[in-house]
Amino acid sequence: MPAKAEEVVFSAEIRRSKKMSDNQLLEVIERYLNGEMKADERKKFELLRKENAEVDGKVVEHKLFTNLLKQYGERVELESRLNAIHDEIDVHTLKENLMVHPVWIVQLWRNHHSKISVAASVAIFAVLSALLFTGKLNNNDSSKIVELKNKVDRLDRSNTNLSRSINAIKSEKGKPVADRYSASATGFAITSGGLIATNYHVVDGVNAVSVQSASGITYKAEVLYSEPQHDIAILKITDKSFEPLGTIPYTFKRAESNLAEQISTYGYPDGYPAYVPGSLSSLFGQNGDTLHYKVTMPINPGNSGGPLWDSKGNVIGITDSKEAHIEGEHFAIKAKYLLDAIKNIPADSLDSKIVLSKKNTLAGLTEAQKAAKAKNFVFMVKVY
Amino acid sequence: MSKQLKDSTPTDSEVILGILNNSESALKRLYTAYFPMVLQLIINNNGNVDDAKDIYQEAIIVLYNKVKAGDFELSSKLKTYIYSICRRLWLKRLTQINRYGGDIRDFQEYLPIEEDEAEQHNDRNVQFVKMESALQLLGEPCKTIMEDFYIHNRSMQDICERFGYTNADNAKTQKYKCLQRLKKLFFQQK
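For the record, the sequence lines run as chains A and B.
Note that numbering that gives the first Met the number 0 numbers the first sequence so that position 131 is 130, with each residue one more than the last.
Note that numbering that gives the first Met the number 0 numbers the second sequence so that position 186 is 185, with each residue one more than the last.
Excised from the complex, chain B in its bound form (with noise of 0.2 Å):
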């Protein structure tokens, strides 16, 4: 009985507080509440699995960091924000893919979302898959180095003694010249 509340759809409320703090139940909630309506509107105009997986994690995401910086009013339902966030996702993926008849086929009320807001996710997006590539390119030591002083926060002591340096100064210089190269890396691709 517990459980089935549990896994029933959150309240709105609940989930944007769930955001704000980290809660990973919340998140999960939130997922799992939304995901079937998703794959629902992807696999009915002509989409797969893993479109729809896609997709929707997309959303997810959009959601999570408007909440995140806190610029996100809900101004309708939730679950008509997600579905109208992943159609309009959907309508430019299949149009970038040839794949739109012109038509769609819908099974919930949706919102007219702006062009720019998924403009601005796809800039970042764009960011991100450079920085992953540069960050590939980049190899070790030097990509631990970088994930763990700018992501992870660590401490240079850490690092350290981690790599085995011997004095604070090499490391330094050595996180230095990572630095250097993941710039230059980030910045050539275009």
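Isolated chain A, as found in the complex (with noise of 0.2 Å):
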């Protein structure tokens, strides 16, 4: 019975401690924790613990952090021990000897790599420009160009020019003996007074040119003006039987074509007629050049230089070339090249100011019927 009197004296103690300041409270808490108390002081304390929760957070707290600082304390001390053993240690000579070394290429890659990688890029670099320079990288090797020109080869036609100027000697008339072109190609109207457009390859270095109409009659020609990087040339009817042709039945389409467009050409692959049809594949040639389209087609040697139409009935390229390695693929200049080389030629070589065609009669017409209406539009063109 005393004792519990006692206990209920100490622990109102203690609840006065809230008054009795933390500081206090704190001594109490280290000399419990120290085994300062002597045992029933201890018992009472532990008791108040028991009771009184925000004591005995105190106490685990203040437990907790004095071991963490007494801790760090051994760490420190711990930590200065070993730093002066290791002061005694000649680290630089054992690393010396512990060091592997590897292999005299690894090192040398080691200690020199930026100054091996500057070399290797600047031979590099050296050898791609040595071989831009030298156009080993165009691809022309590769991926060669066979132009549509149904060419007997020009050997042949220094033969030709050969035998007929043995004719001419022969004869003394100097009449050339029959028709005999070395090349043939396809051209198509751009005016109904004559001016015939077909590719710059068709007529290049040859020594004189003709065009056949879709009613098999044959007129002189001559190369009005060309444009050779756009592979581009105009030749002009100059034939004294030539009638002007009719109002031209197409039109010219600068705007660039949309890809996968219907589109149609009409050519003389093999010196005769022969309509095909296809699609726009690409807006972008070989390598992606904007002079081009590519387009799927089956076109045949023969078809260079003849219109490429949209399904409207728009002329929107000159059929070019074939790439030599894919079937079925080709090339053809965008209509936008034609349009500035006619707008490019030289005012004195013309008898009168070009006015193109403003009126599509094509459109709305089925494949048939635009084939036969512009069929006497589409010429071949014949080279000697």
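Derived CB-CB ranges, DEER-like: (1) B/Asn97 <-> A/Leu130: 37 to 47 Å; (2) A/Gln106 <-> B/Val48: 12 to 22 Å; (3) A/Leu130 <-> B/Asn124: 56 to 66 Å; (4) B/Leu16 <-> A/Lys62: 28 to 38 Å; (5) B/Val48 <-> A/Leu130: 46 to 56 Å; (6) B/Lys176 <-> A/Arg80: 26 to 36 Å; (7) B/Phe162 <-> A/Leu63: 18 to 28 Å; (8) B/Arg153 <-> A/Lys62: 15 to 25 Å; (9) A/Trp108 <-> B/Asn152: 51 to 61 Å.
I should point out that these hints are in silico values taken from the structure, not numbers from a laboratory.
Every residue gets a Cβ at the ideal spot worked out from N, C-alpha and C, and that includes glycine.
Dock chain to chain to rebuild the complex, using the hints, since each chain is given by itself in its own frame.
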């Protein structure tokens, strides 16, 4: 009983510990933790801890914190001991002995890799630029463009020239024998007055040119203007027997055409007229050039210089040349370049100003009707 | 001759007894015995001499604490244990500094070291770093009072004399204030 009373008194005392400063409580806690309390005081304090969660919390916190501080001190001390030991070790010599020395080539690389990299970059750059300047990087070798000209070969042509001059000497009249042209291609009328568009490569280096109409009449012609860089040539029919054509039924479309557009061409692939449909497969030519469209259509040698129509009958390009290695893939020069070429024709070489057709009478017709209507404006170009 | 013997590698039980007995010479022999092995590991795996010192001391501290705490069971050679701890710590460090290339050149056999063993050690290091900076921020004379009383177990009487407090109550009040501030500084840190 007396013990009980005493406990109550102690508790009250500690409760007063609210008033008693935290400072004093801490002292009690420290005495408790350090085991400086007498047995009965200790008992009372433990009872208080059980009753009073706040006091208990403080005891735990204080214990943890002072332990940490103590351990921290020990750690600092241990570290300084270790450092003292460490300082006696000759680390440098040890390092020299323990470093695994890689084989000389690896060492060379480690020590000089930046220099080696720079040297290699310079070398690669030099090789690339040498290749570029010597033209080895142009794709001429790998994907050779076969021009669609129905070429019987330049040698053959010079042969003809030779025999022709022999004939001329023989007959003493200088009359060419028959109609022996060396190559044929296609051209199409851009004015009713006899201006014909074709490819420059068709007429490049030839002696004479003539065009043959759908009805089989051959007219003498001359190269009025050419733009080799765009592979465009404008011919002019000079034959006196040539009667002006009717109104050109198609128009020329300067704006870029649409991908996947249904297209067609009409031409003289083997010296005979042929209509060929296809589709516009790319707005870029070989290696992304913007001069050409890429077209998918089964055209043949001799289609060079033919008109490329879209589904509405606008001329969107000139059938140009064939990629050697990919079957069915061809190129066409965009009509924009043709229109520019027409604009560039020197005024003094023209009888009258060029007026292009502004009315498309092919639109809305069936393909068969289109072909029938347009064929009179597409010529076979024959070169000698 | 005797010096050479003394410098030679201590036996594993010598080391453990030495640590338990706070033997300075045992610690020194332990340290010098295995440092070259760890130096070799670190400098041949993208590290430098200072990295080797850090890692090795960390490993020695891990061993030291385990032995002191009485929960060290030697299941392999001490050498292998130390190597494995260092290897684990170094791999972790390499990953942290993004210098880990995916493989490590090994010079010894090693044991798999459990993740939480290293983690525990790491947590404690974090606490110590916090304590260190809290003590720095605390400033004098509090810092010395705290160190003297809680680390070096000096009596309040000693402290009283050192700092020239006229009576023990003043010193106690001062100590109390210092401790409150230290706790505050410690727990404020993230």
